[in-house]
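First to last, the protein sequences are chains Z and D. The first sequence: position 131 = 131 (the numbering used here), numbered continuously. The second sequence: position 234 = 234 (the numbering used here), numbered continuously.
The set of hints was computed from the structure by calculation and includes no laboratory data. Think of the CB as a built atom: it goes at the ideal place given N, C-alpha and C, for glycine as much as any other residue. Incorrect hints may have been included.
[Stated by the list, open to error] Going by beta-carbon spacing under 10 Å, a handful of chain D positions derived as facing chain Z:
#1 PRO63
#2 PHE154
#3 ASP157
#4 GLY179
#5 PHE181
#6 MET363
#7 TRP365
#8 ALA366
[As the list claims (entries may be wrong)] Here are a few chain Z residues that sit away from chain D, every Cβ distance over 12 Å (derived from the structure):
#9 ALA6
#10 LEU75
#11 THR173
#12 LEU184
#13 ALA192
#14 ARG200
#15 CYS305
[Claimed, not checked] According to the in silico footprint, chain D covers these stretches of chain Z (three or more CB under 8 Å from chain D):
#16 23-34
#17 85-93
#18 130-136
#19 228-238
#20 253-264
If you want the building blocks of each chain, they are given just below.
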Amino acid sequence: VKAYIAERLALTILSAIGVSILVFCSIRLIPGDVVDVLVSRGGYQGVKSKEDLRVRLGLNRPLAEQYVVWVGRLLRGDLGRSLRTGHPVGNDLKQRLPVTLELGFLAIAVAVALGVPIGVISAVTQDSVIDYALRSLTVLLLSIPGYWIATLVILYLALWFSWSPPARYAPLTAAPVRNLEQVLPPAAILGATAAAPLMRYTRTAMLEVLRQDYVRTARAKGLPGRTVLVRHVMRNGMIPIITVIGLMLSLILGGSVIFESIFGLPGMGTYLMNAVSGRDYPQVQAVVLVYSVWVLLLNFMIDLCYGVIDPRIRH
Amino acid sequence: VKRGGRLVWPVGATDILDPYRDAGTGLFPIQAIYNGLVRMRIFKDQGVIIQPDLAAKWERPDPLTFVFHLNPGIKWQDVPPTNGRPFQAEDVRLAYERMATDQPEFTLRPFLTTVSSIQTPDDRTVVFKFSSPYGPFLNMAADSWHVILPRELFDGDRAKNEAVGTGAFILERWERGVGLFLRSNKQYFKPGRPYLDGIDFLSLTDPAALQAKFLSRELDIWSTTFQLQPQIQARVPDAVFHEVPFSPYNIEINTRKPPFNDVRVRQAVQLAVDRDLIARVGFAGHAQPGQPFGSVLKDYQLPESELPKRDLRKAKQLLEAAGYGNGFTVENSIPSHWNTDTGPEQIRASLAEVGITLKHKPMEWAAWKRNVYSAGEMDVTTTWSFVYANPDQQLWIKFHSKGGNNNSHFSDARFDKMLEDARAELDPDRAKKLYQDAARYLLEQCPNAWTVESNSLFVAQARVKNYVADVGANANFLHYKSVDEIWLDR
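With the sequences and hints as input, model every part of the structure.
What follows is the structure, encoded as structure tokens:
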């Protein structure tokens with residue numbers, strides 16, 4: 001088991017290094033840089049002062065040197081300072097990461113609470129009216145973009161009930177009720193749209209396992225239907241579903257950009273959007289790195305889960 | 001007048017608060033925190049008005065001297081780092097020196113280079129000495145950028161992240177990504193002001209969210225669109241709308257690059273543009289004919305009879321004379337998030353009628369800013385022109401051969417001389433004539449083709465009293481200066 005964990009961990013670290021190089025280079029390859037953004041008003045600045053600014057920000061140094069400096073700071077826990085605001089990026093992330101994680105976890109909870117049971121029900125009632133109805137619902141949710149539903153929800157709440165989520169964000173720890181008023185609507189919509197693919201994966205996985213010989217044997221032994229479903233079908237069908245849930249969390253983090261903007265949540269998504277358009281390299285690098293490490297850790301944990309669920313993998 | 005209440009006003013995402021370093025949307029809330037020497041308002045029916053602010057009186061005793069007499073008893077806000085210390089003439093001198101620095105990022109220097117020295121003979125008098133006369137100095141001192149910051153914020157990036165001024169409101173809390181929350185300054189030097197307890201400047205950007213929050217009466221003032229006006233009227237019948245001119249919408253032309261290095265081709269573009277189509281279809285009728293000076297500088301505008309009229313026959317003749325009788329194809333570089341239905345499409349359609357094929361080339365925002373807006377690497381770009389309440393800034397930046405944003409690469413010694421003469425003219429009537437002559441010359445040379453000037457729409461809840469949107473408010477942010485006059489009837 002230890003060797004398995006060590007191997008997975010080593011792969012995760014190697015991937016993190018690869019990601020850091022990719023993140024660092026990709027943002028610098030796109031045209032335009034932070035200097036143009038900083039001196040954009042009326043284009044007052046001449047070429048000389050732009051060059052001075054590049055020197056001051058260290059952007060004139062070779063790319064490799066900039067990378068080494070960045071990684072050096074990173075290893076000391078310093079994510080750098082924003083090129084535009086001079087504000088420490090680490091402090092920004094401390095405020096913003098919990099918002100996005102809260103939205104992501106709530107959305108996943110909604111997605112799992114809806115997607116897995118619906119998928120199981122759909123599988124066990126295959127080709128019945130219930131199955132068709134649930135599959136139609138899934139197709140509907142898959143077809144409609146989440147941001148469109150979010151826009152409709154926020155507008156119709158205002159039109160019908162003269163209500164919209166509170167405009168000033170409140171952290172969960174400071175004002176839980178107001179926080180949930182703000183975060184629950186986007187989490188529910190994001191979760192409902194994410195539940196659709198989860199439901200389809202669950203249904204397919206369940207159907208595959210339901211046809212296995214050992215399920216027929218369990219039934220032939222006279223085990224109750226619920227026991228067969230939970231102990232034999234669901235446990236064996238969980239591996240692809242867990243993979244999908246893991247992937248979904250990373251997709252939800254990415255998809256949170258629009259939802260944070262619509263619902264006025266000060267999370268990582270809106271931060272990243274502003275950072276990219278402002279070419280604020282330290283901000284972009286930090287956010288993408290956090291996302292990447294998050295995805296890598298998730299994959300690592302999923303790998304470990306496989307081992308727990310299916311002992312054959314450990315061996 | 002009733003006292004109390006908090007005004008809720010969305011301002012978009014704010015990154016920095018330093019007006020000397022292009023604060024972007026940060027410029028909106030800081031107008032409530034800082035004061036200028038004088039304050040400008042631009043009302044539709046009255047034009048530019050210069051009001052006292054930190055200075056009670058001003059005079060120009062000779063062409064090279066401008067004297068401001070400061071109001072007595074002004075104090076910096078009673079919060080760190082100024083801690084309520086008295087405001088003095090020396091603060092003005094230091095602030096203007098800071099504005100004029102040649103350090104990177106600072107953007108105000110080019111129009112302060114004629115200031116040779118700033119003297120402070122006593123605590124309440126500031127004397128600006130000029131190396132050569134600069135006519136529009138007062139307009140510039142009254143805008144949203146030339147506000148006075150305390151020396152305590154000049155160290156490093158402090159002014160980017162903090163704002164402590166002499167203004168009606170004190171920055172209580174800046175929650176990044178959420179908004180800036182201000183409370184009233186009890187020691188404000190204008191008696192009885194402000195009326196509000198505080199202001200919430202929210203960092204909201206999503207149009208649907210803004211609409212929902214206005215309809216549910218959470219927002220007090222909002223910059224909306226004409227398309228939404230009927231729905232807002234139906235749902236919030238007592239809402240008060242303010243329609244004001246915004247900014248001229250131009251075709252900025254690269255005058256260095258063939259075929260536009262031939263003035264006849266540029267003139268043909270100007271004659272081919274269908275301004276009526278752009279105003280009617282692109283801006284739903286909420287626009288007027290464009291020209292080098294926008295409505296912000298109404299006094300300097302040319303009469304409509306002097307503006308170019310659409311003349312396809314003449315446009316074709318000019319193209320033929322220039323050797324482009326069979327037309328040509330050019331690219332219109334525009335930011336990808338701009339709606340091509342409001343302007344670019346109507347321009348494309350009207351130019352097609354004289355054989356000019358305009359292909360829209362969408363670009364990512366920062367790339368457009370760098371390559372097109374700053375460097376002028378383009379054929380043309382259709383865009384709103386920045387508006388200044390200073391005729392010198394309005395024409396110099398874009399069209400003087402040394403202009404910082406001359407992305408048309410327009411270089412014309414005669415025009416440069418016209419501007420240099422105009423900025424040195426202190427007699428208002430003669431200065432007006434010189435600027436109008438310069439505008440006429442631009443209409444002949446066509447480094448831009450002026451199409452229309454579109455309008456902006458602001459809406460306020462009925463409870464908001466004494467709010468007036470300034471002409472060009474979406475570009476000059478002057479209406480944010482009025483928060484010390486606004487009160488809420490709750």
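Please verify that hint: GLY179/D, Cβ, nearest Cβ of chain Z, below 10 Å or not.
The hint holds - GLY179/D has a Cβ within 10 Å of chain Z, the shortest such distance being about 7 Å.
Cβ contact check, 8 Å cutoff: the stretch 130-136 of chain Z against chain D, three residues minimum:
Our answer is that it is violated, as 0 residues pass the Cβ test (under 8 Å) against chain D, missing three.
Since THR173/Z was said not to touch the interface, does its Cβ keep a gap of more than 12 Å from each Cβ of chain D?
14 Å, holds
Just to be careful: measuring from the Cβ of MET363/D to every Cβ in chain Z, is the smallest value less than 10 Å?
8 Å, holds
Is it the case that CYS305/Z keeps its Cβ farther than 12 Å from each residue Cβ in chain D?
34 Å, holds
Counting residues of the stretch 228-238 of chain Z that have a beta-carbon nearer than 8 Å to any beta-carbon of chain D, does the count reach 3?
violated (count 0)
Grab the minimum beta-carbon distance between ALA192/Z and chain D and tell me whether it stays above 12 Å.
Nearest chain D Cβ is 18 Å from ALA192/Z, so the label holds.
How does the coverage statement for the stretch 253-264 of chain Z fare against chain D, requiring three or more residues with Cβ below 8 Å from a Cβ of that chain?
It holds: at least three residues are needed, and the stretch 253-264 of chain Z offers 4 whose Cβ sits within less than 8 Å of chain D.
At least three residues with a C-beta closer than 8 Å to a C-beta of chain D: is that true for the stretch 23-34 of chain Z?
holds (count 4)
Evaluate the condition: distance from the CB of LEU75/Z to the nearest CB of chain D exceeds 12 Å.
25 Å, holds
Hint check: is the beta carbon of TRP365/D less than 10 Å from a beta carbon of chain Z?
5 Å, holds
Mind verifying the non-interface call on ARG200/Z? Its CB should be farther than 12 Å from each CB in chain D.
29 Å, holds
In terms of the numbered hints stated before, the structure departs from hints 1, 2, 18 and 19, listed from lowest to highest.
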